[in-house]
Amino acid sequence: MAGPASRAAVEAEARAAADADLQISYVTGTGLPFPVGGAVHLDGQAQFPQARTSWP
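Take the sequence shown: its letters are residues 1 to 56, numbered as in my numbering.
Since the hints were made in silico from the structure, they are not lab data. All values derive from a computational prediction rather than experimental measurement. A virtual CB, placed ideally from N, CA and C, is assigned to each residue, including glycine. Any given hint could be a false lead.
Computed spacing ranges between beta-carbons, pair by pair [to be verified]:
1) 33 / 6: 16 to 22 Å
2) 4 / 49: 32 to 38 Å
3) 51 / 18: 26 to 32 Å
4) 50 / 8: 26 to 32 Å
5) 51 / 5: 27 to 33 Å
All chains, please: the whole structure from these sequences, using the hints.
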(Lines of atoms letter the chains of each structure in order from A and count residues from 1; the text may use other names and numbers.)
(Lines give C-alpha, C1' and ligand atoms only; values in the text may rest on other atoms or scores of the structure.)
Protein backbone atom coordinates (compact mmCIF):
# COMPACT_ATOMS: atom_id res chain seq x y z
CA MET A 1 0.00 0.00 0.00
CA ALA A 2 1.21 3.50 -0.79
CA GLY A 3 2.39 5.69 2.04
CA PRO A 4 1.59 9.26 3.04
CA ALA A 5 4.09 10.72 0.54
CA SER A 6 2.32 8.96 -2.34
CA ARG A 7 -1.06 10.18 -1.14
CA ALA A 8 0.29 13.74 -0.89
CA ALA A 9 1.55 13.46 -4.49
CA VAL A 10 -1.89 12.33 -5.71
CA GLU A 11 -3.59 15.13 -3.78
CA ALA A 12 -1.14 17.63 -5.36
CA GLU A 13 -1.98 16.23 -8.80
CA ALA A 14 -5.69 16.67 -8.05
CA ARG A 15 -5.13 20.30 -7.02
CA ALA A 16 -3.09 20.99 -10.18
CA ALA A 17 -5.77 19.45 -12.38
CA ALA A 18 -8.47 21.50 -10.65
CA ASP A 19 -6.34 24.65 -11.08
CA ALA A 20 -6.24 23.83 -14.82
CA ASP A 21 -10.07 23.83 -14.80
CA LEU A 22 -10.35 20.07 -15.36
CA GLN A 23 -13.51 18.61 -13.88
CA ILE A 24 -11.78 16.11 -11.60
CA SER A 25 -12.53 14.59 -8.25
CA TYR A 26 -10.28 13.04 -5.64
CA VAL A 27 -11.58 9.58 -4.76
CA THR A 28 -10.55 6.87 -2.33
CA GLY A 29 -12.59 4.05 -3.88
CA THR A 30 -11.56 2.89 -7.34
CA GLY A 31 -12.97 -0.58 -7.86
CA LEU A 32 -9.45 -1.91 -8.31
CA PRO A 33 -8.69 -5.35 -6.86
CA PHE A 34 -6.21 -3.82 -4.39
CA PRO A 35 -6.37 -0.96 -1.86
CA VAL A 36 -5.38 2.56 -2.86
CA GLY A 37 -4.94 5.64 -0.71
CA GLY A 38 -6.55 7.89 -3.31
CA ALA A 39 -6.87 8.60 -7.00
CA VAL A 40 -7.76 11.41 -9.38
CA HIS A 41 -10.95 10.71 -11.33
CA LEU A 42 -11.70 12.54 -14.57
CA ASP A 43 -15.20 11.98 -15.96
CA GLY A 44 -15.18 10.93 -19.59
CA GLN A 45 -11.47 10.06 -19.60
CA ALA A 46 -10.53 7.77 -22.46
CA GLN A 47 -9.97 4.16 -21.51
CA PHE A 48 -8.14 1.71 -23.71
CA PRO A 49 -8.11 -2.07 -23.54
CA GLN A 50 -5.07 -3.68 -21.99
CA ALA A 51 -2.25 -3.99 -24.49
CA ARG A 52 -1.25 -7.43 -25.64
CA THR A 53 1.91 -8.60 -23.96
CA SER A 54 2.66 -11.49 -26.30
CA TRP A 55 2.52 -11.71 -30.06
CA PRO A 56 2.07 -14.73 -32.32
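Right, here's what the structure says about each hint:
no.: 1; hint: 33 / 6: 16 to 22 Å; result: holds, 18 Å
no.: 2; hint: 4 / 49: 32 to 38 Å; result: holds, 33 Å
no.: 3; hint: 51 / 18: 26 to 32 Å; result: holds, 30 Å
no.: 4; hint: 50 / 8: 26 to 32 Å; result: holds, 29 Å
no.: 5; hint: 51 / 5: 27 to 33 Å; result: holds, 29 Å
In terms of the numbered hints stated before, the structure departs from none.
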